[in-house]
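Visitor: So you can see what is in the structure, the chains are spelled out below.
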Amino acid sequence: MHRSLRQLLACGVLCGVFAGLSIAQQSRLNTVLGVVLRSGTNEPLPGASVQLQPSGRSEAYEVQTGNDGRFQFRNIPDGNYSLAAVRSGFVRADYGRRRTSDPPLILAVDPNRTLNTIELRMVPAASISGRVSDAEGEPVVAAIVRAWQETYTDGQRALRIITTVSTDDLGNYRVFSLTPGKYYVSAVIRDKTTIAPSFYPDTTDVRSAGLVSLSAGSSAGGINITYRSEAARTIRGTVSSPYAETNVQLLSRIPIVNEGKLLVFADPRTGSFSIPQVSPGGYVLSAISDNVSMLTSIEVGNAPAADIRIAIPTPIEIAARVSLDSKAASVGIDISQLLFAFRWDSDVSDLPDATYGPGKDNPFTIRLAPGDYRMRAVVIPRNAYVQSARLGNIDVLNDALHLDSSVRTPLEIVIAADTGTLDGVVGNAQKHPEPNVVVALLPVGARRQRSDLYQNVRTDEAGHFQFEHVPPGDYSVYAWEDVEPTAWMNSNFMREYESLGKPIHIDAGAHQTVQVAAIP
Amino acid sequence: MNFLPMALAFLLIQNATPSTQSASISGIVVEAGTGRPIANAAVQLLTGSPAPNPSQSSFIARTGRDGTFSFTNLKPGDGLLGAMAPGYVSAIYTGSGTGRMAWTANQKLTNIRIELALTGTIAGRVVNQQGDPMTNVAVQAVQMSYLEGKRKWWVVQSRPTNDLGEYRLFWLNPGRYYIRTVQADAVQTSINTPGRQVSISEKLDIQPPELIRSLANDGTVSDEAVLPIYFPGTPEPGQAVLVEIRSGQTARIDFQSSRVPVHRVRGRIAGRPVESGAANTVRLVPLDATGSQDTFPDDYLDLESLIEGNTFEIRGVPPGTYAVLADLHRDGTSMSARTTIDVRNADVNDLVVAPTPNVRVTGSFLIDGDTSDGKESYVFTQIYLRSKTSDADSIEGSMTHSALTFENVPTGDYFVYSAYLSVEIPGKDGSFPAYIESMRAGGQDVMQNGLHVDSSFDQPIRIMVRNDFGSVSGRVTGPAFQLPESVVVLVPRLRNDRARYKTTGVDTTGEFHFKDVAPGDYKAFAPGISDYPARQDPDFFATHEADGRDVKVSAGSDRSVDVPYIVGDPK
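Going line by line, the protein sequences match chains A and B. For the first sequence, this note's numbering gives the first residue as 1, with consecutive numbering after it. For the second sequence, this note's numbering gives the first residue as 1, with consecutive numbering after it.
So here's chain A without its partners, still in its complex pose:
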């Protein structure tokens, strides 16, 4: 918790800012006014503590809201601040933060801005409580209890840990300060890592776990978890490969955000591998050797997993050639620097990329196992993009690249550099600008599967956003007040919102401006 001044010394300019704060009369002074409201009803909330904290500092100004829910900070020096309201029984409300995955907004305080209409909405906090006990009904003490919510990673359904608590000597836990929504709850013992977490009510497989629905301010009691003390599985198998060094990755079909994937190296002599501590669930196993990979789906259940055999075949080699259109040539794009990634066409995100580029040789050679791939550029100047990729007459950019031994023609890749620009403002139903909301740019039609064409930004305090480099074509622009990151890349999620996008066409090198209504 300390920021030692010796460390601060290194910060130079920042130290000056901080000195100015403590000697207020040397600085211009400002007023910050606002109101704290109960989320949903919009009734004012008295007795909330509102804290205005200079960026990078461990101290804060604090005021209490009056009966009208209003707060005022006077004599505040210029600078960047974070602003938050805390009140017993409510979830902490950070300025500009709609969900826990959002970054809080920085509030810039200076005399040129009038800050008198700030609204902080507080959500009544919900909680989940219960008991963790083993099969004999004995309490499980000092177990780690986690609440989870569904989210997305690159559009794939995933789980995120929302909060962690522990059980007491009676096995009791209480997860609190939760926003309304649906939660999974799990329990695991830290010092026994070989045990799979048990989910409420009585399973180690999250797919059969019970969801706890919380409305604002509700308390779900009696959410008791039977701790199964079931050993996590070890996945064993053998890779056969023409190459010596093979690594094996296990990717969950419902991955956990920010948790590393399981990666092991196969024994170089025998090809055998084993991946310990795997919880029940659906997985994709990939074996990669020298950029050539194979996938296999596996189901980890209650029975010990069968010995997995996976063979990396001799790859198919195709020639690829990169060319520049006239604009790209005129801006001097260096072909030798470009790098392209080829990934299995799959609904599992985070599969390994096979990357190839021309380097000094154009055309260059691509080696991949037979199958279907999605292709994209991974190293390319920001103003450039892959305009087309063709195998003879076949478009392999918007469709999958199908590779089998019949492929004879070279892959022709054309790079263009005529991106356009898109900017705009997001407003709410009352046409007020919406700060800190996600704006997503989605390709439409045949290009829907092109992950490289998806872009997203957050609006600034004035509700403004900009996409600087947009490859020409048809898109839809969406803005959500409240959305899980990358949910828009998930087709199931988008089904509900498809019609709410703002269609736009970006012309080569052109600038477009658009007004977008935020989806509540």
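Any given hint could turn out to be false.
[Said to hold, decoys possible] Covered, in the sense of this in silico footprint (three residues per stretch, anywhere, with C-beta under 8 Å from a C-beta of chain B), are these stretches of chain A:
hint, segment
1, 158-166
2, 174-187
3, 290-298
4, 457-470
[Claimed, not checked] Here are a few chain B residues that sit away from chain A, every Cβ distance over 12 Å (derived from the structure):
hint, residue
5, N128
6, S247
7, S455
8, Q459
9, G548
10, V561
The set of hints was computed from the structure by calculation and includes no laboratory data. Ideal Cβ placement from N, Cα and C applies to all residues, glycine included.
Since the structure of chain A is provided, determine the placement of chain B on it from the hints.
Guide: Chain B only, in chain A's frame:
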């Protein structure tokens, strides 16, 4: 940081190899008082002698649902039997007096009954001044511990409050604890028991601010800090009251508000301007009421300020007595000022500190038997000058061969503290442990009185080093003698000579052995089980002088002494 030999012994588990011998030990583990059988308790049989040459074997059995256990196929021998179970205090079987039991070939020791006392619980609520629950406050059971003679908090258990402000500390061994609340990033569960050490981070993604500038509607500004609050509700550790936790008891302790008015210490550096851009800082370090030692060096205060111009301002200072440590640069010279201040219920606005140039203190080690006169010998040690005012004010020395240098020493009074001393001299292979026989600087007896450094100080410290140690052996006596936590402490006549405190374990028969004891006068103590933190506490030994036994150690001697076991609590 659990030093219990029992826990250590668990690391030394050896498999019981079936033998042709067939002695056996069987019995039951029950709850003290109720006699209820305890299932799944770990019963440990420790055979052999742990000191001075450890050769013990350890066997583990688990009790069944009916609380029974058995060890079979034992060779004839003797040993100690102990048991531990979650929620109970670990115990040694003492049915046969000292705890030691012996068995012959084919003997069957049956009906051994080990009673385990229940641990204790503390539960309660933390609310703020309005009576609203305080969430994510860590409530901690702490005890005093000593590191190199410095008192430190030792967190036995830390548990956070929930949204109702409730907390629950459990599995506490009966004894006395300070209980405090800490609102910080210490939001985690940590449990330290012999049977289980758990650390679960319940950390928040956003840390609460440490210092609050509370702006009231009438325009008044008051600085408040979120400081640890000690039972019975004081921010001053010196006024904390120990809470007695009894076996099987649940104590209820509620806390109210952990916001404390804090103050501002403003001042200036006397004299010409300090060098801009240099590391010029002023630091406050808490002192206890006597002003002689750090009371509770604590991780929760960071009272430090840069010097801007010639002024400084430290905010968030809780009431208390502080050492003021100013270190700065002026005219290319490093300078320091040392003073103390008392902060009560108001800001301090006019603290003037007058720096003096720092002094270079040199010295040399003169090693007994070194024929090279220091030129080809090497001294390995961590050596410090430690201010008599505050332990936090210390300077580490650097060694070149046998020459010692302390750079930038503020003027003041110091103890010289050397740890892990070993030397290498021509004609002898390798390095070997050594001790300091005497330290003198000019006319000062540094060993006895410490070192006074003023601006004219220019006398090198001459440190005489020898390696002709003695040794001390003996036995812990008394009917209440308990294993395995018993230790013996050798306390030097000069109680501030921290390097000479020595601690050793006691074997299963109560015997102990110290080797490499520097010659001199000592007192040997055998503090009891609950007194672990007191093992290096000069105050503890001062209150038990009658239980210490004088030992005079001379070079090459092996003294023998019986030491009575000290029962009871140090306070």
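Visitor: Hints first: check each against the structure and report whether it holds.
Guide: We went through each hint and held it up to the structure:
1. 158-166: holds (count 4)
2. 174-187: holds (count 3)
3. 290-298: n = 0 at 8 Å, threshold three: violated.
4. 457-470: violated (count 0)
5. N128: violated, 8 Å
6. S247: Nearest chain A Cβ is 14 Å from S247 (chain B), so the label holds.
7. S455: holds, 26 Å
8. Q459: holds, 32 Å
9. G548: Non-interface label on G548 (chain B) holds, nearest chain A Cβ at 40 Å vs cutoff 12 Å.
10. V561: Its Cβ never comes within 12 Å of chain A, the nearest being 42 Å, so this holds.
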